[in-house]
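Here's the letter readout for the chains.
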Amino acid sequence: MTEKLNEQQSIPVTKVQRAAKFISTGAKVGGNYMKHYAKKVVNPSMNKDELHRNNATDIYDSLSELKGSALKVAQMMAMDKNMLPRAYQDKFTMAQYSAPPLSYPLVVKTFNQYFKQGPESLFDTFTTSAVNAASIGQVHKATKGDKVFAVKIQYPGVASSVRSDLKLVKPFALRLLNMNERELDNYMDEVEGKLLEETDYQLEVIRSKEISEACGHIEGLNFPKYYEEMSSARVITMDWMEGKHLKEWLETNPTQEARDRVGQTLWDFYDHQVHSLKQVHADPHPGNFIIQGENELAVIDFGCVKVIPEDFYSGYFSLIKKDLLIQEEELDQIFYDLEFISDRDSPTEKSYFKNTFKEMISLLGKPFHVETFDFADDDYFQMIFALGDKISNDKMFRKSKQARGSRHGLYINRTYFGLYNLLNQLQANIKTTKPDWLRSR
Amino acid sequence: MTEKTKNQQTDDSKIIEGYINHVLETGHEPASVFKFAKDLKMKEATFYEYFTSFDAVKKAVWELIFDNTVHSLESQEVYKTYTSREKLLGFLFTWIEELKERRSYLLAVYGDVPLKDRSFPSELKGFKLKFKDFANSIVNEGKETEEIAERPYLTDKYHEAMWLQVMFVFRFWLKDDSPGFEKTDAAIEKSVNLAFDLMGKSAVDSFVDFAKFLFQSK
Numbered sequence: 006m007t008e009k010l011n012e013q014q015s016i017p018v019t020k021v022q023r024a025a026k027f028i029s030t031g032a033k034v035g036g037n038y039m040k041h042y043a044k045k046v047v048n049p050s051m052n053k054d055e056l057h058r059n060n061a062t063d064i065y066d067s068l069s070e071l072k073g074s075a076l077k078v079a080q081m082m083a084m085d086k087n088m089l090p091r092a093y094q095d096k097f098t099m100a101q102y103s104a105p106p107l108s109y110p111l112v113v114k115t116f117n118q119y120f121k122q123g124p125e126s127l128f129d130t131f132t133t134s135a136v137n138a139a140s141i142g143q144v145h146k147a148t149k150g151d152k153v154f155a156v157k158i159q160y161p162g163v164a165s166s167v168r169s170d171l172k173l174v175k176p177f178a179l180r181l182l183n184m185n186e187r188e189l190d191n192y193m194d195e196v197e198g199k200l201l202e203e204t205d206y207q208l209e210v211i212r213s214k215e216i217s218e219a220c221g222h223i224e225g226l227n228f229p230k231y232y233e234e235m236s237s238a239r240v241i242t243m244d245w246m247e248g249k250h251l252k253e254w255l256e257t258n259p260t261q262e263a264r265d266r267v268g269q270t271l272w273d274f275y276d277h278q279v280h281s282l283k284q285v286h287a288d289p290h291p292g293n294f295i296i297q298g299e300n301e302l303a304v305i306d307f308g309c310v311k312v313i314p315e316d317f318y319s320g321y322f323s324l325i326k327k328d329l330l331i332q333e334e335e336l337d338q339i340f341y342d343l344e345f346i347s348d349r350d351s352p353t354e355k356s357y358f359k360n361t362f363k364e365m366i367s368l369l370g371k372p373f374h375v376e377t378f379d380f381a382d383d384d385y386f387q388m389i390f391a392l393g394d395k396i397s398n399d400k401m402f403r404k405s406k407q408a409r410g411s412r413h414g415l416y417i418n419r420t421y422f423g424l425y426n427l428l429n430q431l432q433a434n435i436k437t438t439k440p441d442w443l444r445s446r
Numbered sequence: 025m026t027e028k029t030k031n032q033q034t035d036d037s038k039i040i041e042g043y044i045n046h047v048l049e050t051g052h053e054p055a056s057v058f059k060f061a062k063d064l065k066m067k068e069a070t071f072y073e074y075f076t077s078f079d080a081v082k083k084a085v086w087e088l089i090f091d092n093t094v095h096s097l098e099s100q101e102v103y104k105t106y107t108s109r110e111k112l113l114g115f116l117f118t119w120i121e122e123l124k125e126r127r128s129y130l131l132a133v134y135g136d137v138p139l140k141d142r143s144f145p146s147e148l149k150g151f152k153l154k155f156k157d158f159a160n161s162i163v164n165e166g167k168e169t170e171e172i173a174e175r176p177y178l179t180d181k182y183h184e185a186m187w188l189q190v191m192f193v194f195r196f197w198l199k200d201d202s203p204g205f206e207k208t209d210a211a212i213e214k215s216v217n218l219a220f221d222l223m224g225k226s227a228v229d230s231f232v233d234f235a236k237f238l239f240q241s242k
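From first to last, the protein sequence lines are chains D and Y.
Numbering of the first sequence is given in the numbering used here, commencing with residue 6 and proceeding in unit increments.
Numbering of the second sequence is given in the numbering used here, commencing with residue 25 and proceeding in unit increments.
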């Protein structure tokens, strides 16, 4: 029995370890790679599937009890759909849509605290139960005159519990991802900072306004209007966006043309943010988008915005260019800057990792190398798995003990990975617009 | 309202406010009723008309807070539509708001008192009595709507449990250092949910029922 157990544990341990390392390398496709791994692990035995499912239930239960940041981490894991075994994934996907609700008296109290009046005097109607759960709060529907609002209310004490919640998630993360602790800490800091920002609803309103103004010109893209006078540190009031969530919309069997159109809008939105604004809505999970009337896309949650530092930006994207014409030294510098290689590596290690990352990135950058790219192409995703597999069986990676990849990469990868994933779900054919300097000659 | 009751009310609240101010400014209660009355420019006899001792004043503070809570609770339109669970939640949230107004005073008086089950300061008695009525009305309503399961002996003691919960919340709030007492809000939400989940119909009831059946049909 013990032996059997050990065996079960030992297979994922080494494999996930490598897989996890791969994610930490700052590769866009860490998640995808995991999918491959997850497929392999989950399929061979039913037993394990059950084990995962049980674990997932336990973890989900305790996480959803916690709400707040722990739930957020659950969501993040769920978003990287391919990162976790399927059983975990399904459980965590639930976290994206539902969590036990906040009682109405507490909602009233929160309103009294910030606006000195209850919701029923601020609005004409106000739903006493939540219509939707947001990650760190819940959404109520309200009306005033002929306007319909979505009012997002944050759970109390979320901000102050971020740190302790993360500590609580850490053992799960260590076990699930099998990263070593030092490695994980590096990224946990980044995650903690982002989560703290997410609890700041005033900041969210400011950013929502900024980004929706800056992206207002993009065709087919809608943003709700935000109402500052009815928002506070823990309450956000915005327009109610009528429409369907992505999943629901896909169930209505939209035409290829419609899917292309929505996908294109999504691509244009991210293209503009990353390359022009240098700050990006880093939470492209399906729950944050609503498809409206004439195949228009509405973006509803700006909690997680990643500002992209200039030097990270230029390094990261110059690697994606099709014909790498840069000098060897320059390339080295980029790899150093992005923390793919470090001084602690031996010369052979350096050249090995450099080549591997180059190969990987050129594959990941493929959508950028052409004028139009078909994200329905599962072959492309298969190629990525194959490369991931090659790397996972490689001794050099297995031996390397360091975290590879800059912490900024964490959210940028998450963003692109989420975007590719959404586009794949949409089966969309995309005109991959990009800034001129990224164009292949 | 007659002239007399109006005066009564002002004297009444004048003494309470005077007492609270004294505690806030000096950190202890007045040396004697005589001195206290003199400071308030009031006859000592007037004091005794309303209160027999300083403890009675402290007792009145608690009752005042309770009355204010219930008053502001009942003035909310939505309160009538609340379920029992929501009523208790609403009470505690509003009560904490009322306590907030007098936090410094409460900290000065109760900051160091352990408030253990047996050593509740006697001045809480009046408040406890009033709360008991309130709690019983919630329990009865809960029984009608079947939110609370009827259990022989136990159901009659629920108000005691709720009282302990009130004291738990009070202690928690005294020590709470989170911004805006957010943690107290969370503590109220979670503890009330637990309490009502326990009071509602659950597996235990079915188990007891089944065990009884087995025992009787032997």
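Since the hints were made in silico from the structure, they are not lab data.
Everything numeric in this text was worked out from a predicted model, so none of it was measured.
Please note: incorrect hints may appear among the correct ones.
The list that follows gives simulated cross-link-like pairs (lysine-lysine, DSSO-like), each with its CA atoms no further than 27 Å apart [claimed, not checked]:
#: 1; chain 1: D; residue 1: 146; chain 2: Y; residue 2: 104
#: 2; chain 1: D; residue 1: 172; chain 2: Y; residue 2: 214
#: 3; chain 1: Y; residue 1: 181; chain 2: Y; residue 2: 149
#: 4; chain 1: Y; residue 1: 154; chain 2: Y; residue 2: 59
#: 5; chain 1: D; residue 1: 149; chain 2: Y; residue 2: 104
#: 6; chain 1: Y; residue 1: 207; chain 2: D; residue 2: 172
#: 7; chain 1: D; residue 1: 146; chain 2: Y; residue 2: 214
#: 8; chain 1: Y; residue 1: 152; chain 2: Y; residue 2: 236
#: 9; chain 1: Y; residue 1: 149; chain 2: D; residue 2: 121
#: 10; chain 1: Y; residue 1: 199; chain 2: D; residue 2: 172
#: 11; chain 1: Y; residue 1: 38; chain 2: Y; residue 2: 59
#: 12; chain 1: Y; residue 1: 181; chain 2: D; residue 2: 121
#: 13; chain 1: Y; residue 1: 199; chain 2: D; residue 2: 121
#: 14; chain 1: Y; residue 1: 104; chain 2: D; residue 2: 121
#: 15; chain 1: D; residue 1: 146; chain 2: Y; residue 2: 207
#: 16; chain 1: Y; residue 1: 65; chain 2: D; residue 2: 121
#: 17; chain 1: Y; residue 1: 104; chain 2: Y; residue 2: 199
#: 18; chain 1: Y; residue 1: 156; chain 2: Y; residue 2: 207
Hint by hint, here is what the structure shows:
| no. | hint | verdict |
| --- | --- | --- |
| 1 | D:146 / Y:104 | holds, 21 Å |
| 2 | D:172 / Y:214 | holds, 21 Å |
| 3 | Y:181 / Y:149 | holds, 17 Å |
| 4 | Y:154 / Y:59 | violated, 32 Å |
| 5 | D:149 / Y:104 | holds, 23 Å |
| 6 | Y:207 / D:172 | holds, 18 Å |
| 7 | D:146 / Y:214 | holds, 24 Å |
| 8 | Y:152 / Y:236 | violated, 36 Å |
| 9 | Y:149 / D:121 | violated, 32 Å |
| 10 | Y:199 / D:172 | holds, 23 Å |
| 11 | Y:38 / Y:59 | holds, 15 Å |
| 12 | Y:181 / D:121 | violated, 37 Å |
| 13 | Y:199 / D:121 | holds, 25 Å |
| 14 | Y:104 / D:121 | holds, 21 Å |
| 15 | D:146 / Y:207 | holds, 26 Å |
| 16 | Y:65 / D:121 | violated, 37 Å |
| 17 | Y:104 / Y:199 | violated, 32 Å |
| 18 | Y:156 / Y:207 | holds, 26 Å |
Of the numbered hints given earlier, the model fails hints 4, 8, 9, 12, 16, 17; all others are met.
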